[in-house]
Every structure is written in C-alpha cells, then in structure tokens.
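Just need the whole structure built from these sequences, with the hints factored in.
2 protein chains.
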Amino acid sequence: MSEPKIIDGKAFAAGLRDRIATEVAKLKEENGITPGLAVVLVGEDPASQVYVRSKGKQTVEAGMQSFEYKMPETTSQEELLAKVEELNNDPAVNGILVQLPLPKQIDEQAVLAAIDPAKDVDGFHTTNVGLLGTGSDNGLVPCTPLGCIMLLRDHFDGNLSGKKAVVIGRSNIVGKPMFNLLLKESCTVTVAHSRTQDLPGEVRQADIVVAAVGRPEMVKGDWLKDGAVVIDVGINRIDKPEGGTRLVGDVDFASACERASAITPVPGGVGPMTIAVLLANTVTAACQQNGIAVPKL
Amino acid sequence: MSEPKIIDGKAFAAGLRDRIATEVAKLKEENGITPGLAVVLVGEDPASQVYVRSKGKQTVEAGMQSFEYKMPETTSQEELLAKVEELNNDPAVNGILVQLPLPKQIDEQAVLAAIDPAKDVDGFHTTNVGLLGTGSDNGLVPCTPLGCIMLLRDHFDGNLSGKKAVVIGRSNIVGKPMFNLLLKESCTVTVAHSRTQDLPGEVRQADIVVAAVGRPEMVKGDWLKDGAVVIDVGINRIDKPEGGTRLVGDVDFASACERASAITPVPGGVGPMTIAVLLANTVTAACQQNGIAVPKL
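Residue numbers (full-length UniProt numbering), protein chains in the order written: chain A, 1 to 297; chain B, 1 to 297.
Bear in mind the hints are in silico, worked out from the structure with no lab data behind them. Check before you lean on any hint, since a few could be wrong.
Copies of the same chain look alike in the list, so a pair counts if it fits in one copy or across any two.
[Said to hold, decoys possible] Okay, derived cross-link-like pairs now, DSSO-like style, lysine-lysine, Cα gap no bigger than 30 Å in a straight line:
| # | residue 1 | residue 2 |
| --- | --- | --- |
| 1 | K26 | K104 |
| 2 | K163 | K225 |
| 3 | K184 | K225 |
| 4 | K184 | K220 |
| 5 | K163 | K184 |
| 6 | K70 | K220 |
| 7 | K296 | K28 |
| 8 | K104 | K184 |
| 9 | K104 | K240 |
| 10 | K184 | K10 |
| 11 | K163 | K240 |
Treat the numbers as computed from the prediction; the structure is a model and nothing was measured.
If you want it as structure tokens, here you go:
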C-alpha cells in the first residue's frame, strides 16, 4: 500500500468553524438572532476548566454569545437543577451544556434529563437519543460521533451507502450514536465490544472502522482490510520510554498506516471536531427553536 | 445436520400468558390494582378489527381490564388526539395502543407522540426509543422484538453474551429495537438491509439470525452457518401452486432446516408472541406507574 491519506480533523474543524461564523452572521442579519451557548461547570476539575475555557473562546470567535456559569464543588443537586431550569427559560440561551463529570453528590442522569431537549446541544437527552434512534432529523446529535460522520461524509463525497462499517465500543456517548449515524447513511453496521469473540475478524471485514474503546493502540494494523478508512476516537495518554508522556489513539497508528487508505491521527483527528460540532449544534438548536431551516454545515 | 429444534412460539406465548395471569392476580390481591389496556381502532380495516378483537379477548383472559374504542373512518386528528388525552388522564388505563394504520387524514407520528410514554405499551414513543437506546430498563419495549429476545433468552438459557447476531431489516418497529436488545445481551450485532452488499456473507457468520424484511422466503438455507438459530419475523401470504394461499416467513423454512439448530416456524413462531408481550407490557406499565417492582415474565 502507498501512504494513507491523513484525515486532518484540525483543518476540517477550522473550515467548519468558518462556515458556522458565516451562518451566524446571516442569522443576525436576516433574523436578528445571535445564537447563545451556556456552559455550566461545577467544581474545580482542571481538565474541565481548560475545556470550558476553550468552548467559550470558540463560541465567541464564531460570533455567538457565550454564557459561562461556574458553581462551587459543594453545589447541591437542587441548586444545579435550578440553574438548568433558569437556562431552559432564558430565550438568549439556545444551547445548554453541563460539563461532566459532576461532583458525586449530584445525579448526572437527573441533571441531563432536566435540560430542555431543544437546548440539549450534547444530544444526551432521552428524547434526542430516541429521535436519532428513529432516523429523525429533528433532534440534536452527540458531538463526537457527529464529527466522525462529517469526516466520513467528506472523505467519501457524501456516499457511504452499502459500505461495511464496524464500530468498536458501545458507549451511549460514541458507539451507539455512531451506529445510528452509519445506519442512516445506509452502511451495513456491526457493533463490536469487549465481549466480541473475534474482534480482529470483525475489523478485517470493514471498509470503515470507528474505534471508541479508550484502550491505547488496541487495534493493530494487521486487523485491517487493505484500504480501510479508520476513524480513531480514542485519546489516551501513555508514558514514553524516554520519560514524559504522549497522546495515542485506540488504533496503533504506525501499523495501521501500512493497510489503511485513510486514517485520523491522534491528536489532530477527531479531537478538534468535538467543540466545532458543539458550535454547529448550537446553530442547529437556534434555528430549530425559531422555525428557521437548519443550514447544512 | 439433524433436524432442528422448532421454537414453538405458540406454546411459549401460552406459558407467558399464564405467568401474566398469575402476576395480575397477585397485583389485585396485594396492591388492589387491575391493569387496564385501552385499544383505539379508527376505521373499518378488517385485519385491524380481527387483531383488536383478539387483543381484547386475551386481555380479559389474563384477568385485566380491556377498554375498546372504535372511532369512525372519518375521525379527525383533533378528535383522536382528544381521545388519547382522555386515556392519558384515566387512572384505570395503564396501557394505550392506537391500532395502526390510521386513515390518511391523521398524522400517525403526531398521535403516537401524544401518548403518555408511561402508557405507551407499543414502545414507539421517542422517549421509549431513547430509553432502550441507552440501555435503560425503565422504558417500554416494542412487542415483536421483545418477543424475539424472550424466545432467544429461553433457547440459550439466558446467556447470549458474545454470540454473533445478524438482524436483517432496519425498521423502527423491529430491526432497530432488535439491535438494541441483542446489544444489551452482549451479542456482537450486525444490522443488514437492502443496501447490504453481501447479505449471504453476513448471514453466514451469524450464530443468531433475525429476519425482518417482509420478503417471502428471501433468506436461503445455504446462507446459514451450520447450527445457526433462526428467528423469522416475517409473515407473508403467498399463492399456492394448486390455488389458494399460505403464510410463509422471510426465511425459506425447508432449506433452513438443513442448517439451523433451531428455528421459529411461520405461522406459530414469532407471531403468537406479539399479543402476549403486549399484555406483559401492560403489566410492566401498571407496575411502573404504581412504583411496584416489575415482575420477571
């Protein structure tokens, strides 16, 4: 095989953010609407703080309004639910994201269930899961799998019909919505996971492999069919032999490059897509809430 | 291969109805609750009339209350929605089923969406689709796929973990919920459909084949792996060469018997399960609504 195409998620995300900014400008001019995203952070988790800051910055750069709410580690469930209710009722807020994980005194499921599904830009609400599960276009779709399908649609010029796809991992956040998105594109889809008996055998059949298991470099190059397209959702930090650490995906990138026709790197593949898709979901939510046709982004 | 085991859905459904009747008697005695199922039939479709009559009869035989509402073919959407709202608010009604298809002046989706998810014994409401899609046990699951998984759990003594399952068909009523149920049992699951490129090749890998496409005898015996377990959801009426008609499934039964280790016949396989599971769902709904532990049926 020749060298695979490296699917540049960073560049794609930058282009997506540009298209979002254009749509936001249009929404302002034609409809007098400035989409607004509210992010709620409870506690002091350093990784969450970095992530929330990045979301706020990119939201503003796209021309949207960013609302950040920082609540102390000791926040009670009632206090957080009251904040969610306030944001549900705030017309300036089109999207609500409660940063996970939450402190242990708070029931995450109860909080996610309290978010107005129309503002649930994370796509985790039961109503949005159900809409995706029935193939509806009226819901909001989780950011990471939606980012993966955007990269795949771009790579295949929009035609995934009949491709054989294998999703490794069955989480509610990535694996299951990924299944639904690939099925909607008319792929033949297999979901494999920790109980799968012959994982290399499953992967070997796939035109498209989506790895979302959270195990560093688990998927080996010799598991792949020649010419497979590989989407690596994993972001794992491992020790370097010479000291220090580095980020790797769920796919062994070096060996995968010998077989794949295209592959997302880690970092720089799926990772940068997630926040860009969050912004896209906020635009989608703003349009849906105002009865405006959702732009194709 | 020796002759396959014929999975007797009629006998299993009879046993299920007995277990339901026992639980209903217990609910009356211990909790003073008689589960009630309301079936709404709009119009004069003869097949629907037969089906509704059969549901009502089996509901009463299980010791539950049956409420039948027949509305004229000319019923408006507003009138049907008003009936649904009345049943949503009626504490004697634990389950609501609006018989499909509906006359063309009525938007089916709008009617299904109006049913209280807690009373949606068909499991078609977005909220129930979302609950099944996230692996929750708190929802109501569509009757036909739930019946299929009951037959499979019985056949495999409850242990489906790691089995390779192929679902043929991707409808919201059977294929997609079947995927979710098999995944919840820790099968490796593939969903194949009309765009699948090598359907025989997919089927040949499967320990479990669920056929739900509505094409008479489409799945041939030589597509099967030796020892496969075959669940045939199809019910198709075809002409007999000598005149008259007969019912066949989506699987070519005669040739499938040469390879399968177990198979559901048509009729007498999945078919009889559907109403029995509807009764089970009504018991489940009555328990959930009253905060009573749902019995294992």
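Evaluation of the provided hints:
In the homo-oligomer, the alpha carbons of K26 and K104 never lie at most 30 Å apart, since the shortest distance is 42 Å inside one protomer and 39 Å across protomers. Taking the shortest alpha-carbon separations for K163 and K225, both the intra-copy value of 13 Å and the inter-copy value of 23 Å come in at or below 30 Å. In the homo-oligomer, the alpha carbons of K184 and K225 lie at most 30 Å apart both inside one protomer (23 Å) and across protomers (28 Å), since each shortest distance falls under that limit. When the C-alpha separation of K184 and K220 is checked against a cutoff of 30 Å, the pair qualifies both within a copy, at 28 Å, and between copies, at 27 Å.
Taking the shortest Cα distances, K163 and K184 sit within 30 Å of each other both inside one copy (12 Å) and across copies (25 Å). For a Cα distance limit of 30 Å, the shortest separation of K70 from K220 qualifies neither inside one copy, at 42 Å, nor across copies, at 61 Å. In the homo-oligomer, the alpha carbons of K296 and K28 lie at most 30 Å apart inside one protomer (17 Å), although the nearest pairing across protomers, at 55 Å, exceeds that limit. In this assembly of identical chains, K104 and K184 lie within 30 Å of each other by CA distance solely across copies; the values are 26 Å between and 36 Å within a copy.
Within a single copy, K104 and K240 get their C-alpha atoms no closer than 33 Å, and across copies no closer than 65 Å, so neither meets the 30 Å cut-off. Taking the closest pair of Cα atoms, K184 and K10 come within 30 Å of each other only inside a single copy of the chain (25 Å); across copies the shortest separation is 35 Å, beyond that limit. Taking identical chains as interchangeable, the C-alpha atoms of K163 and K240 are never at most 30 Å apart, the minima being 37 Å within one chain and 38 Å between chains.
When held up to the earlier numbered hints, the structure conflicts with 1, 6, 9 and 11 and fits the remainder.
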